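Residue numbers (my numbering), protein chains in the order written: chain A, 1 to 256; chain B, 1001 to 1324.
The set of hints was computed from the structure by calculation and includes no laboratory data. Please note that a few of the clues may not be correct.
Below, in silico cross-link-like pairs of lysine to aspartate or glutamate (DMTMM-like), each with a Cα-Cα straight-line distance of 25 Å or less [unchecked claim]:
#1 K1298(B) to E251(A)
#2 K151(A) to D1076(B)
#3 K16(A) to E90(A)
#4 K1018(B) to E163(A)
#5 K1141(B) to E240(A)
#6 K188(A) to E50(A)
#7 K1321(B) to E240(A)
#8 K51(A) to E181(A)
Please read all numbers here as calculations on a predicted model, not as lab measurements.
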Amino acid sequence: MKILVCLKQTFDTEAKIVLDGNGKIDRKGVSMIVNPYDEFAVEEALKIVEKDGGQVTVISVGEQQAQDALRQALAMGADDAVLVDAGDKELDEYSTATILAKAISGMEYDLVLGGFRAIDDGSAQVAGRVAEILNIPVVNVVTKLEVAGGKAVATREIEGGNEVLEVSLPAVITAQKGLNEPRYPSMKGIMKAKKKPLAKKTLADVGLDDSQIAPKVKAISFSLPEARQAGKVIPGEAAEAAAELAKLLREEAKVI
Amino acid sequence: MAKGIWVFAEQLGGQIKKVSFELLSEGRKAADTLGEELCAVLVGKDVAGLAASLGEYGADKVYVVDNAALENYSTDGYTNVIADLIKQYEPSALLLGCTVTGRDLAAQVAQRMQTGLMTDCIGMEVADGQLVFTRPIYAGKVIVKACVPDARPAMATIRPNTFPVASNAKAAEVVTVDANVGEVRQVVKEVIRVASERPELTEADIIVSGGRGMKGPENFKILEELADVVGAAVGASRAAVDAGWIAQSFQVGQTGKTVSPVLYVACGISGAIQHLAGMSSAKCIVAVNKDEEANIFKVADYGVVGDLFDVVPILKEEVKKVIA
Ligand SMILES: Cc1cc2nc3c(=O)[nH]c(=O)nc-3n(C[C@H](O)[C@H](O)[C@H](O)COP(=O)(O)OP(=O)(O)OC[C@H]3O[C@@H](n4cnc5c(N)ncnc54)[C@H](O)[C@@H]3O)c2cc1C
Ligand SMILES: Nc1ncnc2c1ncn2[C@@H]1O[C@H](COP(=O)(O)O)[C@@H](O)[C@H]1O
Chain A
1 MKILVCLKQT FDTEAKIVLD GNGKIDRKGV SMIVNPYDEF AVEEALKIVE KDGGQVTVIS
61 VGEQQAQDAL RQALAMGADD AVLVDAGDKE LDEYSTATIL AKAISGMEYD LVLGGFRAID
121 DGSAQVAGRV AEILNIPVVN VVTKLEVAGG KAVATREIEG GNEVLEVSLP AVITAQKGLN
181 EPRYPSMKGI MKAKKKPLAK KTLADVGLDD SQIAPKVKAI SFSLPEARQA GKVIPGEAAE
241 AAAELAKLLR EEAKVI
Chain B
1001 MAKGIWVFAE QLGGQIKKVS FELLSEGRKA ADTLGEELCA VLVGKDVAGL AASLGEYGAD
1061 KVYVVDNAAL ENYSTDGYTN VIADLIKQYE PSALLLGCTV TGRDLAAQVA QRMQTGLMTD
1121 CIGMEVADGQ LVFTRPIYAG KVIVKACVPD ARPAMATIRP NTFPVASNAK AAEVVTVDAN
1181 VGEVRQVVKE VIRVASERPE LTEADIIVSG GRGMKGPENF KILEELADVV GAAVGASRAA
1241 VDAGWIAQSF QVGQTGKTVS PVLYVACGIS GAIQHLAGMS SAKCIVAVNK DEEANIFKVA
1301 DYGVVGDLFD VVPILKEEVK KVIA
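Take the sequences, apply the hints, and build the full model.
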């Protein structure tokens, strides 16, 4: 079983974000992490090969710094990694998916795993787009996965419940929280990861030129939202405060 | 020429989602500014009867695809049908609610049409003859405005409760279309719906949420009782979910659901950045917390410093009184 995991390096959630002189997001000095949903995907891939045998390859579209994220996945236990560096070009989800799919189409795979969403500027579409380009089925927001006999049985969250879907492999499955508990890389894992293969590719290496990855979405402006203002703290003991609160919600805020 | 702003009229079990009416209401204004028609796309089994209700919120036209194979949502089936319609009629924009279904469908359709998609938007305007969408990114720390300049249709998913519903009755023309459902590769083995009298978290007008301060699963009953007085949904912080007190599907925040209710009541929640990421677009935030230093008070419109076990039950009674 060959499993590919699409992994994105994202800003740390605690990171303070500032805009640079051009009004764009300043990436300098921000600490980066593996997109948490992609950690679920890596963990799930490892669990499957531990049970049934096989190989796990992690793949990322990003700049050189994204190697750190790939190394972390290798330290968790993935076998090898591929980084496709598109340089500092503006990419949108269409571009990223095009690059990922093109790179993946040159590899062997039975299953492609990803996160259902990247927590930075993610929009829950890259993995689905990859499935569409590769012309294989996708199942999103999966909280339980069983793979056997060339099929995947996935439980996904739907409104007010869950549904269990079966797809033939290869397929794209995106992870939701609850799928598993990602392991921490062990000291030994971290040491081993340094020697594992990490292939660096350019756009040309995967057979794409700039015109093929021109974004469809154009960002017009970035701004920092105005901080929400702290409102009133309602004084008094529980009974008094609760009564006042109910009144304010009804009469002042008009929300109940 | 590509024409028409389309709204995916999402329905479940014969009921159109409120967010679809919200999108039509706002889409009406954009369509008028751009001089385009506003169309709803209604897909399902035995749904034709719902078409008229879409006219009430401003749709000029309703495309109806009624097919037994579309009774339940499937990624492939719905993508095939919507893509087929888009190819036939070439709309300039397609708007969907940012719901479980809308999000799933939008990505597939966008790729099939080789177009751009902005997800989880909280605003839409017309500028220079284009639809421009506002979306929060980086856990709401940055707001980006973006458009799809060339590809068509321009696509966006929009958070429920972003736009008010405005009736604008039109006698919508109903166009029944035969679209190809094609092969559905996701085979349904089982559907487990957890019966709930409460509204869906992402669409609820009011949400009462509990965090680690709830102390245990049994205490969520206090929140449910308050919620039921005002027809609210119940939510939770990750701490409460991770403790196993409440299911993952109730989690609000960066790794949970993003909600935009009219009123969000946070009980025993400290207000970590990752929690705020999921609810800070609420119109009114109330915090009940015994720690006056808690971060949640920095964003709350109304705060009560106190023990939630004292405050919430009384609040329930007081709310009952004021809405009576
Ligand atoms: C990558 C990442 C993603 C995350 N995603 C999410 C997410 O999606 N959603 C989320 O919520 N968190 C998320 N978190 C976790 C987040 O950082 C916080 O740990 C979490 O939100 C804390 O939950 P809490 O406020 O319930 O608990 P705490 O921070 O422990 O706060 C409990 C609060 O309850 C108050 N309290 C206690 N007893 C009472 C009482 N009797 N009456 C009144 N008040 C009382 C306390 O004063 C305290 O303020 C994420 C973290 C990371 C690193
Ligand atoms: N640059 C990238 N490199 C590799 N995988 C990515 C990249 N961007 C997104 N993905 C994958 O697609 C998923 C959804 O991302 P998004 O659509 O950006 O929210 C992520 O969880 C990853 O699995």
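Hinted pair K1298(B) and E251(A), Cα distance within 25 Å | 22 Å, holds
Is the Cα-Cα distance between K151(A) and D1076(B) 25 Å or less?
-> 17 Å, holds
Are K188(A) and E50(A) close enough, with their CA atoms no more than 25 Å apart?
-> 17 Å, holds
Restraint check for K51(A) with E181(A), where alpha carbons must lie at most 25 Å apart = 16 Å, holds
For the pair supplied as a hint, K1141(B) and E240(A), confirm whether the alpha-carbon distance does not exceed 25 Å.
-> 36 Å, violated
Taken at face value, is the distance from the CA of E90(A) to the CA of K16(A) at most 25 Å?
-> Distance of about 22 Å is within 25 Å: holds.
Between K1018(B) and E163(A), is the straight-line Cα distance small enough, at 25 Å or below?
-> 23 Å, holds
Does K1321(B) pair with E240(A) here, judged by a C-alpha cut-off of 25 Å?
-> 14 Å, holds
Violated hint: 5 only; the structure is consistent with all others.
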